Amino acid sequence: MKRLLFIFLLMMSGSGYAVDTRQLSDPEQQETYETLTKELRCLVCQNQTIADSNAELAGDLRRQVYEMLQQGKSREEIVQFMTDRYGDFVLYKPAFKGKTSVLWIAPVVFLLMGLITVFFVIRRKKVAANLHSQTGALGMDVEKQKKIRNLLEKGDPS
Amino acid sequence: MLKFIIPLILFIILAVFLALGLNLKPSEIPSPFINKPAPVFSAPKLNAPEEKLSPADLKGKVWLFNVWASWCVSCRAEHPVLNELAKQNAAVIVGLNYKDEPNDAKNWLETLGNPYNVSIMDQDGRIGIDYGVYGVPETFVIDKKGLIRYKHTGPVTAEDVQQTFLPLIAKLQAEP
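From first to last, the protein sequence lines are chains A and B.
Numbers 1 to 158, taken from the numbering used here, label the letters of the first sequence in order.
Numbers 1 to 176, taken from the numbering used here, label the letters of the second sequence in order.
Incorrect hints may have been included.
Listing some non-contacts, in silico: residues in chain A with all C-beta distances to chain B over 10 Å [claimed, not checked]: (1) I78; (2) R85; (3) I116; (4) L131; (5) V142; (6) E143; (7) K144.
Partner residues are not named here, just some residues of chain B that face chain A (Cβ under 7 Å, in silico) [as the list claims (entries may be wrong)]: (8) I29; (9) G125; (10) P176.
Simulated crosslink set (DSSO-like; lysine-lysine; CA at most 27 Å straight-line) [as the list claims (entries may be wrong)]: (11) A:K93 with B:K151; (12) A:K93 with B:K25; (13) A:K97 with B:K151; (14) B:K87 with B:K52.
Calculated from the structure, these hints are not laboratory results.
Owing to the predicted nature of the structure, the values given are computational and were not obtained by experimental measurement.
The C-beta atom is built at its ideal place from N, Cα and C for all residues, glycine as well.
Generate coordinates for the entire structure from the input sequences, incorporating the hints supplied.
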């Protein structure tokens with residue numbers, strides 16, 4: 001138990017440290033810096049943000065963001081600067097436009113498709129169940145079964 | 001009948017998407033620079049740091065802009081191909097020595113040969129950022145008007161030269 005706890009704590013500790021410790025004097029800019037570096041993709045190690053990555057390029061891009069903020073550039077200007085150079089791929093949250101619309105719409109479409117399928121499956125089951133309760137155990141018309149029973153009991157009158 | 005056709009169609013669609021996904025190369029990011037002017041820089045030459053080069057100096061010429069570094073392993077694989085290409089004198093080859101030590105870079109060119117008409121230095125990687133460089137080596141083809149017409153990510157192979165670079169260069173040389 002103690003060992004498990006230890007391992008767990010070890011696993012938790014890693015995420016606490018940021019790769020770099022740049023500080024901007026303006027707390028608002030510091031916040032922009034922190035959110036921006038978490039939204040820009042490190043293009044070398046594609047599934048990390050530049051805030052998470054230790055790659056050289058990530059370091060250079062962090063420096064770029066930092067310097068642009070110091071020059072008083074806005075968040076939008078920095079995002080524009082990055083997409084001008086690296087394309088939409090650099091953004092973890094790409095802007096909604098023609099090229100990226102599939103990215104945004106596809107999950108909704110798939111969810112809808114799933115819901116519609118579930119709806120139809122449930123409806124079909126319900127119809128089947130209703131049919132079942134109207135018919136007898138053999139899955140035949142109640143009328144017909146009565147007839148059969150009669151025939152079996154009394155014999156063919158003809 | 002429909003019961004079988006719908007899952008079959010869904011399966012085929014899924015299979016097509018997965019097949020496309022398998023063949024995509026996520027490491028090759030489409031460059032937003034195609035048909036845009038080559039970003040401006042003014043950088044010191046590797047062999048003569050007091051002299052500077054900027055894209056304006058190359059107006060009217062078709063040139064290749066090859067990003068390289070002595071620490072880059074794939075560049076070593078690419079280097080003989082560039083040496084061969086340089087012999088053909090098809091276009092000016094400009095090297096961007098990216099985040100490198102000038103002495104290491106000079107040694108590298110001395111031992112492996114120098115395919116570059118000129119190499120410029122980008123020690124802090126700023127020119128690299130302006131060109132959207134994310135993996136070395138990268139090669140840009142720039143036309144006479146100074147527009148980037150093609151970008152190749154990763155080492156250029158002999159086939160790439162024959163199939164892509166030489167035909168493209170010939171086409172661009174024929175443009176006014």
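Cross-check of the supplied hints:
1. I78: holds, 12 Å
2. R85: violated, 4 Å
3. I116: holds, 12 Å
4. L131: Nearest chain B Cβ is 17 Å from A:L131, so the label holds.
5. V142: holds, 28 Å
6. E143: Fine: 29 Å to the nearest Cβ keeps A:E143 off the interface.
7. K144: Holds: least Cβ distance 27 Å, greater than 10 Å.
8. I29: holds, 5 Å
9. G125: holds, 5 Å
10. P176: violated, 28 Å
11. A:K93 with B:K151: holds, 25 Å
12. A:K93 with B:K25: holds, 20 Å
13. A:K97 with B:K151: Satisfied, since the Cα-Cα distance of roughly 24 Å is no more than 27 Å.
14. B:K87 with B:K52: OK: B:K87 and B:K52 at ~25 Å, within 27 Å.
Violated hints for the displayed structure, listed by number in ascending order: 2 and 10.
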